[in-house]
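Keeping their order, the protein sequence lines are chains A and B.
Using the working numbering, you'd call the opening residue of the first sequence number 1 and step up by one each time.
Using the working numbering, you'd call the opening residue of the second sequence number 1 and step up by one each time.
None of these hints come from the bench; they were simulated from the model.
Possibly wrong hints are sitting among the right ones.
Unchecked claim - In silico DSS-like links for lysine-lysine, alpha-carbon gap of 27 Å or less:
id : chain 1 : residue 1 : chain 2 : residue 2
1  : A       : Lys337    : B       : Lys139
2  : B       : Lys350    : A       : Lys189
3  : B       : Lys138    : A       : Lys321
4  : A       : Lys349    : B       : Lys350
5  : B       : Lys138    : A       : Lys350
6  : A       : Lys138    : B       : Lys350
Protein chains: 2
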Amino acid sequence: MINNEGNTMSINDSPAIASQSPAEPVQMSRRRLLLGSAGAMASVSLLGLSPLAKAAEPKTLPDYVRWKNANDMIVHSANTIETQRGAVGSGVVTASDKLYVRNNLPAPDANIVADRDAWKITFEGVNSPQSLTLGDLKKIGVETVTTVLQCSGNGRAYYEHGPGGTQWGTGAAGCLIWTGVPLREVVAKLGGVKPGMNYITSTGGETLPEGLDPNTIMVERSVPVKALDQALLAWDMNDEPMPLAHGGPLRMVVPGYFGVNNVKYVDRVAFTEGQSDAKIQASGYRIRPIGEKGAPDQPSMWEMSVKSWVTAPLTTASQGKNLIYGVAFGGMNAVSKVEVSADGGETWKKARFLGPDMGRYAWRPFVVSMDLSAGDHRIVSRATDTDGNTQPPTRTENERGYGNTSWKDHGVTVTVS
Amino acid sequence: MINNEGNTMSINDSPAIASQSPAEPVQMSRRRLLLGSAGAMASVSLLGLSPLAKAAEPKTLPDYVRWKNANDMIVHSANTIETQRGAVGSGVVTASDKLYVRNNLPAPDANIVADRDAWKITFEGVNSPQSLTLGDLKKIGVETVTTVLQCSGNGRAYYEHGPGGTQWGTGAAGCLIWTGVPLREVVAKLGGVKPGMNYITSTGGETLPEGLDPNTIMVERSVPVKALDQALLAWDMNDEPMPLAHGGPLRMVVPGYFGVNNVKYVDRVAFTEGQSDAKIQASGYRIRPIGEKGAPDQPSMWEMSVKSWVTAPLTTASQGKNLIYGVAFGGMNAVSKVEVSADGGETWKKARFLGPDMGRYAWRPFVVSMDLSAGDHRIVSRATDTDGNTQPPTRTENERGYGNTSWKDHGVTVTVS
Numbered sequence: 001m002i003n004n005e006g007n008t009m010s011i012n013d014s015p016a017i018a019s020q021s022p023a024e025p026v027q028m029s030r031r032r033l034l035l036g037s038a039g040a041m042a043s044v045s046l047l048g049l050s051p052l053a054k055a056a057e058p059k060t061l062p063d064y065v066r067w068k069n070a071n072d073m074i075v076h077s078a079n080t081i082e083t084q085r086g087a088v089g090s091g092v093v094t095a096s097d098k099l100y101v102r103n104n105l106p107a108p109d110a111n112i113v114a115d116r117d118a119w120k121i122t123f124e125g126v127n128s129p130q131s132l133t134l135g136d137l138k139k140i141g142v143e144t145v146t147t148v149l150q151c152s153g154n155g156r157a158y159y160e161h162g163p164g165g166t167q168w169g170t171g172a173a174g175c176l177i178w179t180g181v182p183l184r185e186v187v188a189k190l191g192g193v194k195p196g197m198n199y200i201t202s203t204g205g206e207t208l209p210e211g212l213d214p215n216t217i218m219v220e221r222s223v224p225v226k227a228l229d230q231a232l233l234a235w236d237m238n239d240e241p242m243p244l245a246h247g248g249p250l251r252m253v254v255p256g257y258f259g260v261n262n263v264k265y266v267d268r269v270a271f272t273e274g275q276s277d278a279k280i281q282a283s284g285y286r287i288r289p290i291g292e293k294g295a296p297d298q299p300s301m302w303e304m305s306v307k308s309w310v311t312a313p314l315t316t317a318s319q320g321k322n323l324i325y326g327v328a329f330g331g332m333n334a335v336s337k338v339e340v341s342a343d344g345g346e347t348w349k350k351a352r353f354l355g356p357d358m359g360r361y362a363w364r365p366f367v368v369s370m371d372l373s374a375g376d377h378r379i380v381s382r383a384t385d386t387d388g389n390t391q392p393p394t395r396t397e398n399e400r401g402y403g404n405t406s407w408k409d410h411g412v413t414v415t416v417s
Numbered sequence: 001m002i003n004n005e006g007n008t009m010s011i012n013d014s015p016a017i018a019s020q021s022p023a024e025p026v027q028m029s030r031r032r033l034l035l036g037s038a039g040a041m042a043s044v045s046l047l048g049l050s051p052l053a054k055a056a057e058p059k060t061l062p063d064y065v066r067w068k069n070a071n072d073m074i075v076h077s078a079n080t081i082e083t084q085r086g087a088v089g090s091g092v093v094t095a096s097d098k099l100y101v102r103n104n105l106p107a108p109d110a111n112i113v114a115d116r117d118a119w120k121i122t123f124e125g126v127n128s129p130q131s132l133t134l135g136d137l138k139k140i141g142v143e144t145v146t147t148v149l150q151c152s153g154n155g156r157a158y159y160e161h162g163p164g165g166t167q168w169g170t171g172a173a174g175c176l177i178w179t180g181v182p183l184r185e186v187v188a189k190l191g192g193v194k195p196g197m198n199y200i201t202s203t204g205g206e207t208l209p210e211g212l213d214p215n216t217i218m219v220e221r222s223v224p225v226k227a228l229d230q231a232l233l234a235w236d237m238n239d240e241p242m243p244l245a246h247g248g249p250l251r252m253v254v255p256g257y258f259g260v261n262n263v264k265y266v267d268r269v270a271f272t273e274g275q276s277d278a279k280i281q282a283s284g285y286r287i288r289p290i291g292e293k294g295a296p297d298q299p300s301m302w303e304m305s306v307k308s309w310v311t312a313p314l315t316t317a318s319q320g321k322n323l324i325y326g327v328a329f330g331g332m333n334a335v336s337k338v339e340v341s342a343d344g345g346e347t348w349k350k351a352r353f354l355g356p357d358m359g360r361y362a363w364r365p366f367v368v369s370m371d372l373s374a375g376d377h378r379i380v381s382r383a384t385d386t387d388g389n390t391q392p393p394t395r396t397e398n399e400r401g402y403g404n405t406s407w408k409d410h411g412v413t414v415t416v417s
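Chain A with its partners taken away, still in its complex shape (with noise of 0.2 Å):
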């Protein structure tokens, strides 16, 4: 499937899905190359790879993306854009200039920003089910939440065994502010969530590509119904409305859940009894062991866990006192603690955090000083949420290449002089 870019897409992580379409080359794993302007020799040394491997001509941002800073973005594909690594500086906020897109089917056409009070969503499992526009959806409440956006492939390019789909570095993930309508309040004014609910299932509104069965192909994610509690109905990000590449006009936000979970141009929310039919849900994104299938039964892609990885210096330093900076967070709890170790793991030193705390489900910049002397060190990062949740040595092995968190995978390699 080509869409106008000329750019192949891949429509979901499924493998059958992929057959149907050039999509991503796979076995990337350990060839993935940063395509900015400096990164990308640095980047094959950080990897461990052989100043032999090739590397790809640098692509283009896609038109309905163009207004991104074409510097500090990673073009994959028309709809895989990763943040470079070192892009991130000291941001508490993630411009949306520089936010990832991963966009499981292309964005729609852009006349669904026109009027975006018109835009129609449709409620049930509840009570009084009914079709609300966001007009009225603005006139029910608001809140203003902070949280992590990520991939759940965010991480893939560290797996060994050859994971298909985007070779994501650290890239896909970014911090966002939200302002919507909370859903609790909304499912309060339709009369509350019928009895035996037990999931939040959101529909897309993408065009569906014809002559396709819907449901091997549309963008249907089921949540916990617990997740009531922090979801947001949100049409600004960053106090902007919502960008078309993000999601306006509006967009499902499930503060510490992955980002599919986050429907874009969400058009239906419905209470269901059981998890959505769709491939996205019922195969795709999720955990099993190398070699296997997806199914039903395989953990979903939906809480995320604690996490950091290190933002500066990526390459080269000054001998003598450096600041490293990095972020870190911790999914669904707060993230309380972050260490740095400037040789790969053996001695770790107390990071401090930078900037305001935005809350619980947002990432928090820190910064540790450290004297470096002469020679390679191998800079890793290491944080806690407030359960004592730690972040591991190693990644968790998957078919799929998803939610690595390895502290050992996301360190750097810096040649100090």
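Given chain A, work out where chain B should sit, using these hints.
Chain B alone, transformed into the frame defined by chain A:
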């Protein structure tokens, strides 16, 4: 004095200087017009003006701030550009592309941000005076702080005696995230402040026009040395390298102090016994009775006071339940409470804050739900800080129209139908 945009510029607020240049028209009070598209007639009625008042031609953004979002801005002149009142939304942080601009001198040539780390700053009045580069500063330490940046003349448009200068409404203010080195850490490195020094005096690196006494035109501001505890030499704004228009590569940020003290392109920081002799300090930015000239014994525009204003709705609303939005800040203290009235201050309803608390010096968006009946409503907001200071009903009259915090002045008249 005409800059290369062909627009007039006001060098500082002194009538003496103004007479040397075709400065902004005086007697503009109550004739301030929103130059944006839809707002012009609306604001006329807000200000209680006759519809016969003539609107000026809309002005386009000058080249050095062409990257700003024109729809969010009101261009008063090349160096005075206001944020539209309604552009704030539910904004925890003000995006750079809608932040106001107020330059006392034209912005320097863009080559000063070509090699940011090479920028030199001289430190004086410390025990080991010396020059450091921005690159040096970045190794000393780092902190991130969120502050309200507000021009001393914000709200001048509401004064009735006709103070000259830019006729700012509410939009010469924003809330920004700054990252840089705490000044106190630099000073510690330079052996501490010399005994007997009472002020921190910061000098801007603008190129001064020839043929004028530098003291009459240079941007050099002194603040009490107690601000050393909070002051930051900032290189990032909203996690991007400081834009040239906002003082890049390096800006002095004095949390809680009016904008003018946050010296742009800072290239000298001196601890001094007395205040600067520069006109902008000695007689400019002084609170004095109407008709009097500025003098050093009058209060300087240093610490900001508690203030708030409504940002939506501004002109019209529908009968029934409405969410009323605004922003509030405490100046030197955190804001603790905001009340909103839809009957010009007869009865009040407590608003709630929206989104994360970004710290003592930040503003907080607020929202309150109110039932509005058909007819005209005067909507006003009134903030209180943690010390119990409440926004006053009326402004403090003063020659230059500085420091307006009157809740009456900042109200809007909304037609409900």
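Going through the earlier hints one by one, which of them does the structure break, listed in rising order? Hint 4 alone not satisfied by this model.
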